[in-house]
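For the protein sequence lines, the chains are A and B, in the order given. Note that my numbering numbers the first sequence so that position 297 is 297, with each residue one more than the last. Just so we're on the same page, my numbering is the position in the second sequence counted from 1, plus 311.
Calculated directly from the structure, the hints in this document are not laboratory data. It cannot be assumed that every hint is accurate.
Claimed, not checked - Now the stretches of chain B that chain A is said to cover, found in silico as 3 or more residues with beta-carbon under 8 Å:
id: 1; stretch: 337–346
id: 2; stretch: 349–357
id: 3; stretch: 382–392
id: 4; stretch: 396–409
id: 5; stretch: 442–450
Using N, Cα and C, we set each Cβ at its ideal position, and we do this for glycine too.
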Amino acid sequence: MPELPSSFWGGWIIVLTVGSLLVLVGLVLSVYFFDRQPDDHAEVVWDETLREGNHPAPLWWFWLIVVLLVISVVYLLLYPGLGRYRGTLGWSQGHQLAHSEQRYADEFAAPHATLLGQSLSELAQNHLAMDAALSLFRVHCGTCHGEDAGGVAGYAPNLTDAAWQWGQRDEEILASITAGRQAAMPPWRMALGDDSVTVLADYLKVIGTQAADGPQYEQAAATFAGSCSVCHGASGEGKPALGAPDLTDGYWLYGSSVDDIAHSIARGRQGRMPAHADRLSEVQIRLLAAWLVSRSGSTLPESPIQSVRDK
Amino acid sequence: MNLMDWHRRIERHTGLLVFGIIAVTSVGGLVQIVPSLFQTSLSTPVAGLEPYPPLALEGRDIYIRESCSVCHSQQVRPLLAEVMRYGATSKAGEFVYDRPFLWGSKRTGPDLHRIGGKYSDAWHRLHFMDPRAVVPSSIMPAYRWLAERDADTGGSIQNRMRALQLLGHPYTDRDIYFAPQRLAGKSELDALIAYLQMLGVSRPEGG
Numbered sequence: 001m002p003e004l005p006s007s008f009w010g011g012w013i014i015v016l017t018v019g020s021l022l023v024l025v026g027l028v029l030s031v032y033f034f035d036r037q038p039d040d041h042a043e044v045v046w047d048e049t050l051r052e053g054n055h056p057a058p059l060w061w062f063w064l065i066v067v068l069l070v071i072s073v074v075y076l077l078l079y080p081g082l083g084r085y086r087g088t089l090g091w092s093q094g095h096q097l098a099h100s101e102q103r104y105a106d107e108f109a110a111p112h113a114t115l116l117g118q119s120l121s122e123l124a125q126n127h128l129a130m131d132a133a134l135s136l137f138r139v140h141c142g143t144c145h146g147e148d149a150g151g152v153a154g155y156a157p158n159l160t161d162a163a164w165q166w167g168q169r170d171e172e173i174l175a176s177i178t179a180g181r182q183a184a185m186p187p188w189r190m191a192l193g194d195d196s197v198t199v200l201a202d203y204l205k206v207i208g209t210q211a212a213d214g215p216q217y218e219q220a221a222a223t224f225a226g227s228c229s230v231c232h233g234a235s236g237e238g239k240p241a242l243g244a245p246d247l248t249d250g251y252w253l254y255g256s257s258v259d260d261i262a263h264s265i266a267r268g269r270q271g272r273m274p275a276h277a278d279r280l281s282e283v284q285i286r287l288l289a290a291w292l293v294s295r296s297g298s299t300l301p302e303s304p305i306q307s308v309r310d311k
Numbered sequence: 312m313n314l315m316d317w318h319r320r321i322e323r324h325t326g327l328l329v330f331g332i333i334a335v336t337s338v339g340g341l342v343q344i345v346p347s348l349f350q351t352s353l354s355t356p357v358a359g360l361e362p363y364p365p366l367a368l369e370g371r372d373i374y375i376r377e378s379c380s381v382c383h384s385q386q387v388r389p390l391l392a393e394v395m396r397y398g399a400t401s402k403a404g405e406f407v408y409d410r411p412f413l414w415g416s417k418r419t420g421p422d423l424h425r426i427g428g429k430y431s432d433a434w435h436r437l438h439f440m441d442p443r444a445v446v447p448s449s450i451m452p453a454y455r456w457l458a459e460r461d462a463d464t465g466g467s468i469q470n471r472m473r474a475l476q477l478l479g480h481p482y483t484d485r486d487i488y489f490a491p492q493r494l495a496g497k498s499e500l501d502a503l504i505a506y507l508q509m510l511g512v513s514r515p516e517g518g
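Let the hints inform the model, and build the full structure from the sequences given.
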């Protein structure tokens with residue numbers, strides 16, 4: 001304990017530790033090497049000759065104890081143990097951790113440098129790197145996005161389809177992992193009223209198709225242009241820079257029924273992707289981003305069926 | 312008089328024997344425990360560490376009630392593999408407002424000391440309702456009833472905060488007065504999530 005409160009406690013530890021060792025040595029020596037003076041009064045004797053301590057303890061015990069005593073003295077010299085004395089090795093838990101981190105960094109410095117030098121699309125072609133990325137994904141991402149990256153209904157988006165809420169350029173994907181994302185769809189119930197919300201939800205089911213031009217959607221289209229298009233784009237194509245999803249791609253993270261969509265409009269949505277800058281290294285983040293690039297568009301957009309309202 | 316005579320004398324006087332046993336067995340504690348009671352680095356909070364606000368404190372008690380520490384530890388040990396998986400090593404100063412600390416000793420589930428901020432509240436909510444919904448291979452039980460139970464247990468939170476205040480947690484009287492309001496309308500699930508989101512977020516410098 002090198003960070004002891006005062007030298008008094010250092011001395012206290014040294015005196016007690018060394019004192020205990022000396023008492024042990026004395027005890028052992030007295031058992032093996034001091035003559036026993038028979039003590040006349042009331043010593044119990046059994047079977048004519050058998051009395052307390054008249055048969056010596058086995059000698060190999062003695063050597064065992066000597067070896068253990070030597071080991072403890074050597075240990076106390078090498079490692080911190082005697083008060084504030086740090087030991088000749090200068091060992092500490094913190095140093096040991098720093099040392100193993102350094103060794104890890106040195107061992108993988110060359111491959112890490114190679115990987116950092118490659119673009120995401122190059123990394124995506126590297127099968128070994130993608131194997132590593134898959135295991136990283138399962139540990140750090142799969143708990144939310146699913147082990148196959150297929151997403152979780154109402155919560156974590158599917159990462160294998162072609163839809164990218166926060167953009168699919170390399171730097172956008174890297175930023176999503178590094179700094180996280182906070183979606184901010186405000187609740188519209190107070191501003192629009194329940195009726196308008198339902199009409200709007202109906203309209204969003206068909207937005208981007210020819211049916212949306214029908215006369216029954218006139219009011220909803222006007223509401224959309226006035227309240228929604230600022231973020232979601234004039235024709236609902238979304239704005240990745242704001243995290244406003246494309247409403248025409250058929251993918252509905254929070255459920256595709258009119259009720260689910262109406263709920264999203266009325267109450268708003270504040271999905272959050274946590275930041276990973278403190279949890280993953282740059283190489284790890286690039287590997288994960290490359291893996292996502294390699295998986296992007298590998299499945300068709302498919303809206304989750306399960307509705308998770310009010311969970 | 313040699314040591315064997317001492318031995319004999321001690322063996323024949325019960326009082327001496329009891330005293331001797333106490334003296335010998337206390338040496339370990341005197342060396343290991345007593346100096347650490349005076350070691351201020353163990354009882355100084357790390358920068359930014361706050362005592363648990365009422366909702367998180369309630370969540371902590373729910374964590375204890377549901378015996379979460381039977382399966383989850385709260386200590387990242389100074390080993391490369393642990394630091395890479397969980398985050399920075401745990402420091403003594405991070406547990407100053409944990410009475411008792413919940414380090415645990417068994418990991419059926421993962422360590423939770425750096426869980427704060429790792430997942431969103433929404434994830435925790437889904438996960439407590441049905442762990443398999445988010446992690447298909449999980450063996451953690453669901454804790455659905457937490458969502459139905461009220462976190463506000465009728466003022467006992469104030470007593471608990473007062474007890475902690477006596478022990479030196481820097482709660483103000485104002486904190487304690489308004490504590491029940493912080494729990495109003497919250498479920499036990501909200502409280503538990505608030506607690507988990509606070510775990511390990513006041514990381515020591517360079518830690």
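Quick rundown of the hints versus the structure:
no., hint, verdict
1, 337–346, "holds (count 5)"
2, 349–357, "holds (count 4)"
3, 382–392, "holds (count 3)"
4, 396–409, "holds (count 3)"
5, 442–450, "holds (count 5)"
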